[in-house]
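2 protein chains.
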Amino acid sequence: MRRFEPNDFTTNRNGQAIRTCQFSRQTLAGKQNSVTYRWDTIAIAGVGLIGGSIGLAALERQLARRIIGIGRHPQKLEQAQALGAITDFATNLEDGVAEAQLIIICTPVRFIAQQVCQALAVSNGDAIVTDAGSTKQQIIDQVHQQAGEAAERFVGSHPLAGSEKSGAEHAVANLFLNRSVIVTPTSATNKIAQQQTIEFWQQLGSRTHLMTPAEHDQILAATSHLPHLLASVLAAATPDAALPFVSTGWLDTTRVAAGDPELWTQILQQNQTEVRQSLSHFQSVLEQFSQALDQDQWETLAQILALGKTQRDALGS
Amino acid sequence: MRRFEPNDFTTNRNGQAIRTCQFSRQTLAGKQNSVTYRWDTIAIAGVGLIGGSIGLAALERQLARRIIGIGRHPQKLEQAQALGAITDFATNLEDGVAEAQLIIICTPVRFIAQQVCQALAVSNGDAIVTDAGSTKQQIIDQVHQQAGEAAERFVGSHPLAGSEKSGAEHAVANLFLNRSVIVTPTSATNKIAQQQTIEFWQQLGSRTHLMTPAEHDQILAATSHLPHLLASVLAAATPDAALPFVSTGWLDTTRVAAGDPELWTQILQQNQTEVRQSLSHFQSVLEQFSQALDQDQWETLAQILALGKTQRDALGS
Chain C
19 MRRFEPNDFT
29 TNRNGQAIRT
39 CQFSRQTLAG
49 KQNSVTYRWD
59 TIAIAGVGLI
69 GGSIGLAALE
79 RQLARRIIGI
89 GRHPQKLEQA
99 QALGAITDFA
109 TNLEDGVAEA
119 QLIIICTPVR
129 FIAQQVCQAL
139 AVSNGDAIVT
149 DAGSTKQQII
159 DQVHQQAGEA
169 AERFVGSHPL
179 AGSEKSGAEH
189 AVANLFLNRS
199 VIVTPTSATN
209 KIAQQQTIEF
219 WQQLGSRTHL
229 MTPAEHDQIL
239 AATSHLPHLL
249 ASVLAAATPD
259 AALPFVSTGW
269 LDTTRVAAGD
279 PELWTQILQQ
289 NQTEVRQSLS
299 HFQSVLEQFS
309 QALDQDQWET
319 LAQILALGKT
329 QRDALGS
Chain D
19 MRRFEPNDFT
29 TNRNGQAIRT
39 CQFSRQTLAG
49 KQNSVTYRWD
59 TIAIAGVGLI
69 GGSIGLAALE
79 RQLARRIIGI
89 GRHPQKLEQA
99 QALGAITDFA
109 TNLEDGVAEA
119 QLIIICTPVR
129 FIAQQVCQAL
139 AVSNGDAIVT
149 DAGSTKQQII
159 DQVHQQAGEA
169 AERFVGSHPL
179 AGSEKSGAEH
189 AVANLFLNRS
199 VIVTPTSATN
209 KIAQQQTIEF
219 WQQLGSRTHL
229 MTPAEHDQIL
239 AATSHLPHLL
249 ASVLAAATPD
259 AALPFVSTGW
269 LDTTRVAAGD
279 PELWTQILQQ
289 NQTEVRQSLS
299 HFQSVLEQFS
309 QALDQDQWET
319 LAQILALGKT
329 QRDALGS
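If you're matching them up, the sequences are chains C and D in order.
Numbering follows our numbering, in which position 206 of the first sequence is assigned residue number 224; successive positions increment by one, without gaps.
Numbering follows our numbering, in which position 77 of the second sequence is assigned residue number 95; successive positions increment by one, without gaps.
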């Protein structure tokens, strides 16, 4: 059982403010419990659905003595603290990461590279920095260009978990359980940092997969970015008169269109080349389908439907 | 509490075989209960997900004394009987509908018109025939052409409920609860038949909507047939290498692609003109999106995503 005591303030080694809470564990018998933590301090920048779920999972699994949430809004961080997603918080990246051994950047993709660089610059020389961004190549290129040698301590990650919902209030401790996390080291990545990042995701219950950043972006264009843009275009193209009559089919097919347009614009922008490739391939199959429909080629049309069913059935419900 | 007794055989007024079971109701106190049923006999041709769910719902709501399931496979009908979806069955349409006051054709769309005509021809002169087909105009045109005056007793229906699953084993009594059923009478439709069909769906817990067959087909092209074809094409177009990395987004967006390719080919064939219109409109919005992506018009792209989100959010999760 975890119990949060009233908040108080401590200062870190640089004398900067981290708002913290007494953090104690009790056994069911009520005795004070002594736990050996894998990490003393983890910092999470961006405590939304993903960052909050990482915090919840890491605390539930007793992976860290303290988790410092970093964000702009103290009120939201207080909420995340109350939910048990973080033990402490800071509204400033420097303050939040200074004492962390593991720093996870969970902000929208267009902020990630800059914050990774900042975290590498101000953290301990052996701290590991990773992220949870939906794109990889552009972020990693930018970190390598700007962070110099320190870039070896950055290990790109992408947990394939999430939801069209956002915010720490939707965070759940089992978000990563049995889900895939793609880890994208480069030849410059420190092997220890890489190994410890992989172990961290595995300790949250995830399966890890190693890929190059380019492979990651190509695969995610097909599995996530293209489905998102199609769902959005379908929802946008549905005539007003038809909306009252949608059923489960339309609702399933368009579900991800409820995602944040600003976040998704950033993702599509960062992965522009691969998304274009993927969209262009989709358009060519759609064109075959469309021609079959126009020209009464019902056999061809049935074959495309059958291939779609085979691919879909292979992946469960 | 409903109890099924061992099956036995009776004959209908024409001396034809209907396999039936003793059907008795007991109150919780164990007393034999006398129920006044809205319908004595309902016949359901095609006892799959939709037909089976109609049977379950009608029996649960005590709308009929007996429900005769009609199909080609006695084994499947026995299963549906064991599940409580029908009380009796026949493997021949004539035998099954002869004594029914309400006949519901729930077979794949390409069989509906022919079976409606057959049911109109061999049933009592005041029996009502309806269907559950996903398309309406072509079916109704064909019935009017072939059934002559008897066509006045046919009232086209389409319950907007279903699933990518099929078969009576997936039938559920609440499939129609709070769901929409579109009823598509024509100027030739008998007003009493129309009213009784509407009441039947309402008694299953559905909201009914009146439309012309053409309006129905136009709306369904946008809300159901287009989403289905896009989901199928997306699933078919996903490269094999990407499939192991799909997440909830892809799974939601492609869920309906698991539907039966043969059934869906029939639906797209029957609603060819409206599906082409709907697909063409979708393709024009997709083309705008694609151009915005190619030409770095992130504002335009964000606007389409935002419109998609607004339309999706309005319809719940």
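Rather than coming from a laboratory, the hints here were simulated on the basis of the structure.
Mixed in with the good hints there might be a few duds.
No distinction is drawn between identical chains; accordingly, a pair holds when it is met within one copy or between any pair of copies.
[As the list claims (entries may be wrong)] Okay, derived cross-link-like pairs now, EDC-like style, lysine to aspartate or glutamate, Cα gap no bigger than 20 Å in a straight line: (1) K209 - E317; (2) K183 - D331; (3) K183 - D270; (4) K183 - D258.
For each hint, the structure was consulted:
Taking the shortest alpha-carbon separations for K209 and E317, neither the intra-copy value of 53 Å nor the inter-copy value of 41 Å comes in at or below 20 Å. For the identical chains of this complex, K183 and D331 are inter-copy neighbours only, at 11 Å across copies versus 26 Å inside a copy, given an alpha-carbon limit of 20 Å. In this assembly of identical chains, the alpha carbons of K183 and D270 lie at most 20 Å apart whether taken from the same copy (15 Å) or from different copies (14 Å). Proximity of K183 to D258 under the C-alpha cut-off of 20 Å is found in neither arrangement, the shortest distances being 24 Å within a copy and 28 Å between copies.
Hint check: violations occur at hints 1, 4; the rest are consistent with the structure.
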